[in-house]
Amino acid sequence: DTEVTQTPKHLVMGMTNKKSLKCEQHMGHRAMYWYKQKAKKPPELMFVYSYEKLSINESVPSRFSPECPNSSLLNLHLHALQPEDSALYLCASSPRGQGANEQFFGPGTRLTVL
Amino acid sequence: AQSVTQLGSHVSVSEGALVLLRCNYSSSVPPYLFWYVQYPNQGLQLLLKYTSAATLVKGINGFEAEFKKSETSFHLTKPSAHMSDAAEYFCAVSEKGDTGKLIFGQGTTLQVKP
Numbered sequence: 001d002t003e004v005t006q007t008p009k010h011l012v013m014g015m016t017n018k019k020s021l022k023c024e025q026h027m028g029h030r031a032m033y034w035y036k037q038k039a040k041k042p043p044e045l046m047f048v049y050s051y052e053k054l055s056i057n058e059s060v061p062s063r064f065s066p067e068c069p070n071s072s073l074l075n076l077h078l079h080a081l082q083p084e085d086s087a088l089y090l091c092a093s094s095p096r097g098q099g100a101n102e103q104f105f106g107p108g109t110r111l112t113v114l
Numbered sequence: 001a002q003s004v005t006q007l008g009s010h011v012s013v014s015e016g017a018l019v020l021l022r023c024n025y026s027s028s029v030p031p032y033l034f035w036y037v038q039y040p041n042q043g044l045q046l047l048l049k050y051t052s053a054a055t056l057v058k059g060i061n062g063f064e065a066e067f068k069k070s071e072t073s074f075h076l077t078k079p080s081a082h083m084s085d086a087a088e089y090f091c092a093v094s095e096k097g098d099t100g101k102l103i104f105g106q107g108t109t110l111q112v113k114p
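Respectively, the protein sequence lines represent chains R and C. Per my numbering: the first sequence = residues 1 to 114. Per my numbering: the second sequence = residues 1 to 114.
If we strip away everything but chain R, and leave its shape as in the complex, we get (with noise of 0.2 angstroms):
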């Protein structure tokens, strides 16, 4: 298996509404990452799991909340979220999260908050 999967692949949710981004690899990374990204732009790094603890936030607002439950999985807890949070959220994982190590990305969860 080598492939990164994201679930759901589109959500709408209302700014009161709780949900979860998921992410999944079966590949053995140790190094699993959260992107942003707006229409026409470069994805935007939000947090970096490594070997299943948190080794970088990219001072993302607290209504963002990332987990990591164990080697294989990612997730990203919403809540509370703003309009402007609207963007497709990317997943990627990388052997071991060093510099010369390729990330592979899933095809992302487009998000739309009304």
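No lab work stands behind these hints, which were simulated from the structure alone. Certain hints may be false.
[Stated by the list, open to error] Quick list of in silico lysine-lysine cross-link-like pairs, DSS-like style, CA-CA up to 27 angstroms:
no.	chain 1	residue 1	chain 2	residue 2
1	C	Lys69	R	Lys38
2	C	Lys49	R	Lys40
3	R	Lys41	C	Lys49
Assemble chain C onto chain R, guided by the hints.
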């Protein structure tokens, strides 16, 4: 700090013509460099990477890139464009250290005309 500049936010070529997408980087240490492609409503797919081995790197789908230290460049080329190459292309440099953090360029949209 490391950075990436992609010259030309939009490149248009005819089918069968040479594709040249430009990328210049700034790094105080030998960089790890990547080219990713993103098709509409999809995640990013790795085309190729440079990790200090051969300076001419061959990737998937007929793409290649040459690392030129003297010019701090890593331009992406393909001898003959195909309609299916139309997509967004991102050049990225890996931040030094063991975070695996990618610094992306702003992206180049490749249009292929019949």
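Each hint, compared with the structure:
1. Proposed proximity of C:Lys69 and R:Lys38 is contradicted: the alpha carbons are some 32 angstroms apart, above 27 angstroms.
2. The straight-line distance between the Cα atoms of C:Lys49 and R:Lys40 is roughly 23 angstroms, inside the 27 angstroms bound, and the hint therefore holds.
3. Taking the CA atoms of R:Lys41 and C:Lys49, the gap is near 21 angstroms; set against the 27 angstroms cutoff, the hint holds.
The structure fails hint 1 only (numbered hints given earlier).
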